[in-house]
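Undergrad: All residue numbers for the sequence shown refer to the numbering used here, where the first residue is 1 and numbers rise by one.
Just so you know, these hints were derived from the structure itself, not from any lab. Some hints here could point you the wrong way.
In silico EDC-like links for lysine to aspartate or glutamate, alpha-carbon gap of 16 Å or less [to be verified]:
1. 121 <-> 139
2. 121 <-> 249
3. 226 <-> 185
4. 226 <-> 183
5. 121 <-> 248
6. 171 <-> 149
7. 121 <-> 250
8. 121 <-> 103
9. 226 <-> 184
Keep in mind it's a predicted model, so treat the numbers as computed, not measured.
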Amino acid sequence: MTKTHITSAVILCAALVLFCVHAFAADSQFSFTRSTTEGPAVAFAQDQVMLVPLSAADEAGRVTRAPAVQSTADVVPMKDVPYLSAAQVLGAFFPEATLSFQDGVFTATGENLQLQATVGKAYFSVNQQYYYVPTLVVEQAGALFLPAETLAQSLGCSLTQEGEGTLTLQKTGELPTPPTYPEEDLYWLSRAIYSESGNQPMAGRIAVGTVILNRVEDPTFPDTIKEVIFAPRQFSPVANGTIYLTPDEDSVIAAKLCLDGAREAEECLYFNVTSMVSWADRSRTYVCTIGDHNFYL
Numbered sequence: 001m002t003k004t005h006i007t008s009a010v011i012l013c014a015a016l017v018l019f020c021v022h023a024f025a026a027d028s029q030f031s032f033t034r035s036t037t038e039g040p041a042v043a044f045a046q047d048q049v050m051l052v053p054l055s056a057a058d059e060a061g062r063v064t065r066a067p068a069v070q071s072t073a074d075v076v077p078m079k080d081v082p083y084l085s086a087a088q089v090l091g092a093f094f095p096e097a098t099l100s101f102q103d104g105v106f107t108a109t110g111e112n113l114q115l116q117a118t119v120g121k122a123y124f125s126v127n128q129q130y131y132y133v134p135t136l137v138v139e140q141a142g143a144l145f146l147p148a149e150t151l152a153q154s155l156g157c158s159l160t161q162e163g164e165g166t167l168t169l170q171k172t173g174e175l176p177t178p179p180t181y182p183e184e185d186l187y188w189l190s191r192a193i194y195s196e197s198g199n200q201p202m203a204g205r206i207a208v209g210t211v212i213l214n215r216v217e218d219p220t221f222p223d224t225i226k227e228v229i230f231a232p233r234q235f236s237p238v239a240n241g242t243i244y245l246t247p248d249e250d251s252v253i254a255a256k257l258c259l260d261g262a263r264e265a266e267e268c269l270y271f272n273v274t275s276m277v278s279w280a281d282r283s284r285t286y287v288c289t290i291g292d293h294n295f296y297l
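Make the full structure from the sequences, and use the hints.
TA: Structure follows, in structure tokens:
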């Protein structure tokens with residue numbers, strides 16, 4: 001009789017596990033909850049993160065019953081920006097996707113989904129749409145991490161945070177579709193970025209693109225990207241011919257990011273290399289230095 005009860009209990013437990021796993025996979029809303037510990041504070045990157053269906057939580061996001069499935073992942077702080085494991089988030093929302101992480105390159109391929117991210121880069125892409133990551137794509141303990149807010153945006157999710165303990169991702173939109181850009185704008189902006197800042201980090205390239213686009217919006221400058229670039233005595237690459245060089249991949253991506261709204265150097269309208277004393281040094285308001293360039297209002 002005891003053996004019969006044990007066998008029945010095992011079967012019942014197995015059935016419950018299968019039911020919970022199925023419910024977990026079918027849910028499109030998840031909560032990433034940091035565990036709390038007694039005693040001294042634990043480093044953020046070492047805390048445990050619990051992935052639970054929000055069906056197990058009340059309207060405030062608090063778990064009201066034991067979660068059906070638990071999974072651990074690190075949350076990495078980078079300049080106070082919370083990062084999440086790309087593999088865990090994608091595994092939750094796109095369980096059918098094929099994930100790969102080799103030589104610093106992470107890819108996720110599924111129905112209507114193509115994500116690519118490279119450790120150390122200042123961007124990643126979803127379906128050929130690029131997303132700016134000023135704090136960079138990072139790797140920790142063999143896993144790739146992306147900023148929680150930007151990752152949520154790229155996957156058509158909303159992100160909410162309850163205190164310091166819970167990040168909630170909810171699928172509220174659609175995945176992006178491959179974007180299109182005005183051909184002339186992308187052509188000249190990418191060449192200006194490359195010829196002026198092709199040896200600079202992504203932030204420096206975007207800052208140069210920002211200055212050009214700020215000028216387009218300013219009534220004292222021409223109204224198009226090409227006209228701004230070719231205005232007399234404004235950009236040295238026009239005079240020395242380097243404006244016609246074929247841009248590298250990062251300069252093209254920087255131009256796309258700028259056209260999509262990425263900005264550095266605030267409202268600046270001028271820049272020059274840090275080693276040069278120019279008219280801008282004497283006549284304009286200095287704002288910041290990014291890489292090898294000073295930027296001015």
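Undergrad: Are the hints correct? Go through all of them and say.
TA: Right, here's what the structure says about each hint:
no.: 1; hint: 121 <-> 139; verdict: holds (11 Å)
no.: 2; hint: 121 <-> 249; verdict: holds (12 Å)
no.: 3; hint: 226 <-> 185; verdict: holds (7 Å)
no.: 4; hint: 226 <-> 183; verdict: holds (11 Å)
no.: 5; hint: 121 <-> 248; verdict: holds (15 Å)
no.: 6; hint: 171 <-> 149; verdict: holds (13 Å)
no.: 7; hint: 121 <-> 250; verdict: holds (10 Å)
no.: 8; hint: 121 <-> 103; verdict: holds (13 Å)
no.: 9; hint: 226 <-> 184; verdict: holds (8 Å)
Against the hints set out earlier in the document, no violation occurs for any number.
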